[in-house]
Amino acid sequence: MTELQAEQAAAVPQPEAGLQRSRYFDVLIALAAFAVLAILPMLTGSKALLDFVIRCSAFGLFATSLNLLVGYTGLVSFGHGMFFGLGAYGFGLIMQRTGVPVPVAFVATLVITTIIAAVIGAICVRLKEIYFAFVTLAFQMLIHSTILSWVSLTGGDQGLRGGIPRPAFFGIDLSNHVHLYIASCALLVIGLLLMRQIAQSPFGYTLRMIRDNANRASFVGIDVWRAKLTIFVLAALFASTGGIIMALFVSGAYPEFAYWTISGEGIFINMLGGVTTFLGPMVGTVLLLILNDTVTRLTEYYGIVLGIVILFFAIGLRKGLMDFVVEWYTQRRNGPVE
Amino acid sequence: MPQWMLPLDLDALTGCLASSACLVTQTTSGFIIGMLLFLVAVGLTLIFGVLKVVNFSHGAFYMFGAYFAMTAYQFSGSFALAMLCGAAGTAILGLIFERVFMSRVYGADVLMQLLVCYAFVLIFDDVVRMIWGPEFKSMGMPAAFQVAPLFIAGGVVPPYYLLLIGVALAAAVILGLGLARTRIGKVIRAAAHNPGMVSALGINTGLIYGGVFALGGMLAGLAGALAAPVRSLTPGMGFSVLIESFIVTVIGGMGSILGALIGALLIGMIRSFGSLGFPLFTEGLMYLFMVIVLVSRPSGLFGKEVA
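Chains A and B are the protein sequences, given in the same order.
Under our numbering, think of the first position of the first sequence as 1, with each following residue one higher.
Under our numbering, think of the first position of the second sequence as 1001, with each following residue one higher.
Since the hints were made in silico from the structure, they are not lab data.
Quick reminder that beta carbons are idealized off the backbone N, C-alpha and C, glycines included.
All the pointers check out, no bait thrown in.
Covered by chain A, per the in silico footprint, the following chain B stretches (three or more residues, Cβ under 8 Å): (1) 1124–1138; (2) 1285–1292.
Partial list, derived from the structure: chain B residues whose beta carbon lies under 7 Å from chain A: (3) Arg1104; (4) Phe1281; (5) Pro1298.
Only chain A is shown next, with the shape it has when bound in the complex:
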């Protein structure tokens, strides 16, 4: 962590006065991004492109929320995917079994996620570094095996089938492809904006302090356990939202959504895009999905190609793409460091 931490620490300082202004700026960027995404369906009839953006929304929310833990708090979670799966299954089950309106199911899923994340988080965040990674992985697999074995509720390895009913609400009909697309984009933009606010808030700076030196943080009177638990639950909520988008998109939920590979991909996305910038994971998501789609079309040996790309980033660049770009840009502006 040391190299990354040093870089992040260098990038952190920001005057308090600029905070308010940068907040308006964030909102403006979010609005602009949403406007561009919302116009897209009018410009192109390509269903594949819209599908791509929907998937980006689901995984982007998931990966960015993981970065709140990994990049900002230094909590390397190997089980973050469990909340992605929980969101998909929770939402799917509520819609299939109760038939409540979509917003009610959405809120109910988030409430369930909050409760489960609070219980799991309370157990996990006490542990340090690699042990935190292990115990989150264990919980992830515990939830995965529960989904597999609880056939009467979850459908076991077949997943939740038969489609998720999506009754219209407030004139929004999520079974309509364009409506689903706009709703996903809205959730993505709102989610990113909220996470950005968390990251830039005083609480966000508390998290960075805990990451850099947890002892010092507790000496100045910060309740480290509580701060870690809070961000663990918050991150779980956004991951769960990603899962809900995914469940809406595929109209079902599958055990793979809760498998450890989702967590692995999340971590990989973070490294691909870079953890020192807020939008790094978002860039990583787009890169990975493009890579996914093109490589699977070109060759059946997807693993070899993806593996070599990962090696290029891990051994070659030794940092994510956005980290690389930011570093290159600051070096160009300030001249060479030496």
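Starting from the known structure of chain A, arrange chain B on it as the hints suggest.
Below, chain B without anything else, positioned relative to chain A:
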């Protein structure tokens, strides 16, 4: 059974515990699972103890061991040669992997190390798929072991199982004594403790690191070779073994060989008896057990306190 209940079959479990035949059969099968896991997990724990690296790609060595053994057996028909090829082939593979790739990320972030391993999990699985094909393969039981099973207290025990347990136990003893008593063992333990000092004393730590990785790979390869006659071979077969040996090392304590042995046997028994009582939730039981151990003793049953 109510619709919302998890499936569980306690009658089968208590019924088995009451019959000596079933008890023997299940215990042997627990031992088999446990000993194979031990061979994989002990390499994992050794590599972590000395190199401070969590070798996420360790399952691939198990897989390669099995495939090497199968190929050697098909060409030569000799079981001993198959075991040798499985172990030696993966040792060489481990050495190359460590020297060429892993040694580049020792100083780096833990995440970078995990990513390099993750990359190789993907690459190795595809390499196996390219060379041996994606379908299930089986090596078949060597002729020497195609004899009538032994009956112990009414339970059926195939002779091959005894060989498997014997070889794994022998490996455990040799490894334990080798680390505790020999000069090389001392150097390895010293390198685990303080690599800088060891290298200042004129010992090539790079060689030790490579050697330990090769040893770990060899043990996993041996496990794969031993498992080849009794398990089906498929690309990706290393993965479930990896996850389970992970649980074993975490339960036993990272870096502890005794812990790996005890942890592996515990997991073996949980799997063997759990499959009776909780047919679909056997894996869940293992993770539950891991959670309980981690929460009550984060450093594992035999690990050193990590504060």
